[in-house]
Amino acid sequence: MNGIATELIRIVVGLVAVAAFVGLNGLVLVYAERKGAGHFQRRPGPFEVGPHGVIQPIADALKLIGKQLFTPENADPFLFWLAPLLSFFPVLLLFVPLPFGPVLTVWEVDLGLLLILAFAGINVLALLLAGWASNNKYGLLGAGRAVAQSVAYEIPLLLTVLAIAFQSGTLNLSTIVSQQGSWPWQWNIVTQPLAFIIYLISALGETNRAPFDLPEAESELTAGFHTEYSGMGFGMFFLAEYANMIVVSGVCTALFLGGWKGPFVDGFWWYLVKVYALLGAMIWFRWTYPRVRFDQLLNINWKWLLPLATLNLLGTAFLMKVF
Amino acid sequence: MVFSWLHLAIILFLVVGILFAGGPLILASLVAPRARGGDIGMPYECGMRPYGSSWTKFGVNYYVYALIFLAFDVDVLYLFPVAVQYHLTEGWLAFFKVFIFLVFLGLSVIYFWAKGVFTWPHKIRL
Numbered sequence: 001m002n003g004i005a006t007e008l009i010r011i012v013v014g015l016v017a018v019a020a021f022v023g024l025n026g027l028v029l030v031y032a033e034r035k036g037a038g039h040f041q042r043r044p045g046p047f048e049v050g051p052h053g054v055i056q057p058i059a060d061a062l063k064l065i066g067k068q069l070f071t072p073e074n075a076d077p078f079l080f081w082l083a084p085l086l087s088f089f090p091v092l093l094l095f096v097p098l099p100f101g102p103v104l105t106v107w108e109v110d111l112g113l114l115l116i117l118a119f120a121g122i123n124v125l126a127l128l129l130a131g132w133a134s135n136n137k138y139g140l141l142g143a144g145r146a147v148a149q150s151v152a153y154e155i156p157l158l159l160t161v162l163a164i165a166f167q168s169g170t171l172n173l174s175t176i177v178s179q180q181g182s183w184p185w186q187w188n189i190v191t192q193p194l195a196f197i198i199y200l201i202s203a204l205g206e207t208n209r210a211p212f213d214l215p216e217a218e219s220e221l222t223a224g225f226h227t228e229y230s231g232m233g234f235g236m237f238f239l240a241e242y243a244n245m246i247v248v249s250g251v252c253t254a255l256f257l258g259g260w261k262g263p264f265v266d267g268f269w270w271y272l273v274k275v276y277a278l279l280g281a282m283i284w285f286r287w288t289y290p291r292v293r294f295d296q297l298l299n300i301n302w303k304w305l306l307p308l309a310t311l312n313l314l315g316t317a318f319l320m321k322v323f
Numbered sequence: 001m002v003f004s005w006l007h008l009a010i011i012l013f014l015v016v017g018i019l020f021a022g023g024p025l026i027l028a029s030l031v032a033p034r035a036r037g038g039d040i041g042m043p044y045e046c047g048m049r050p051y052g053s054s055w056t057k058f059g060v061n062y063y064v065y066a067l068i069f070l071a072f073d074v075d076v077l078y079l080f081p082v083a084v085q086y087h088l089t090e091g092w093l094a095f096f097k098v099f100i101f102l103v104f105l106g107l108s109v110i111y112f113w114a115k116g117v118f119t120w121p122h123k124i125r126l
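Chains D and U are the protein sequences, given in the same order. Mapped onto the numbering used here, the consecutive letters of the first sequence carry residue numbers 1 to 323. Mapped onto the numbering used here, the consecutive letters of the second sequence carry residue numbers 1 to 126.
FYI, nobody ran anything at the bench for these hints, they're computed from the structure. Be aware that one or more of the hints could be misleading.
Straight-line Cα separation of at most 25 Å, BS3-like style, residue types lysine-lysine; simulated pairs [what the hints assert, rightly or not]: (1) K63(D) to K35(D); (2) K115(U) to K321(D); (3) K115(U) to K303(D); (4) K67(D) to K35(D).
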């Protein structure tokens, strides 16, 4: 009885913590992104609401709730509203195997990596439904692009993750972290630098971030798959995108950057520092690089990332036998 | 298969995920104004009246990419069990097995490359 209670409490506390983290993080990242965008373009960014505009994201959220939810004529209303729900549906689950700290994991899963990769795939379906159900030509084109892109970038992602899995001999993220040391030269990034770069590029492609944000390229497709969504419908896609960004950064931190281990004192703060450094880099990329063309986007993946990732995996397998 | 705590956690997290997304949507539908009439429900095409439905036939010229994806993704999944066991294997036989597997995967990309898929021709003959 006592054992049952502790496990149930662990799950419920984890659930509340993850939900709070996702919501809070959405606010932080919206502010960071708008402020970052401002300063990259030599303007102050949001400045009016609160000191240096810190309350701006809350004002944004309230504004989104106050907007009318439109369903366009001729759209399929059921699928149209299913899509934002579906895009957020797997997001909380993706945080379950992430090792935030030595004991700060919601649930240690032996197949943690596979769990994340499997459920992350649902997002593609949501984007496709959103674009198709809104009966809008921009939406449909955006959805087609979203699927082609996510599908393409998933493979180098899988192959680089596999290289680490080969090396560690496990798919459990906590174990992968505990095999690495505290100092940067003991992290997996030293043995797998190519995999790290490929992972970072494909993570940008997977989360539809600039310079690979072709599904929602506003200069050519208005807003791509979420053209017809107003208010909170758009807000849900947005929040899911930010949450997915944390998940890819979190997996990257656990696989390549030593997770919660760091110089001097190990702990969850190192994990958060690394995750937010990666998120900062993603924001930085967005406002630095121009958007690529769509055929270029697919060809970079199939002609460069995929062969390189395959060779990297082969090399890993070879070197493991040599040493 | 025994129902474990992990399964409960997965189901709970998925259900709460839906609620987390549904809550603000329901709240918005209660609070938000309800304007109607006019062209408010017209699909947005930058102010032009849409010509016809978007649910028509159109050439998705990257469906071929979906074919390569199928070939690749399904096969890569087979490598996950291999990844867990690989460090326990002895001798070079395991490496050659992985090598042969990956070479055949690589051949699929080379095949599509040779067929000119990556140059975006109007018509692709496979």
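Against the structure, the hints come out as follows:
For the given pair, K63(D) sits about 19 Å from K35(D) by alpha-carbon distance, which is consistent with the 25 Å threshold. Straight-line distance between C-alpha atoms of K115(U) and K321(D) comes to about 36 Å, which puts the hinted pair past the 25 Å bound. Pair hint K115(U) plus K303(D) holds up; C-alpha atoms about 14 Å apart against a cutoff of 25 Å. The hinted pair formed by K67(D) and K35(D) meets the criterion: a straight-line CA distance of about 24 Å does not exceed 25 Å.
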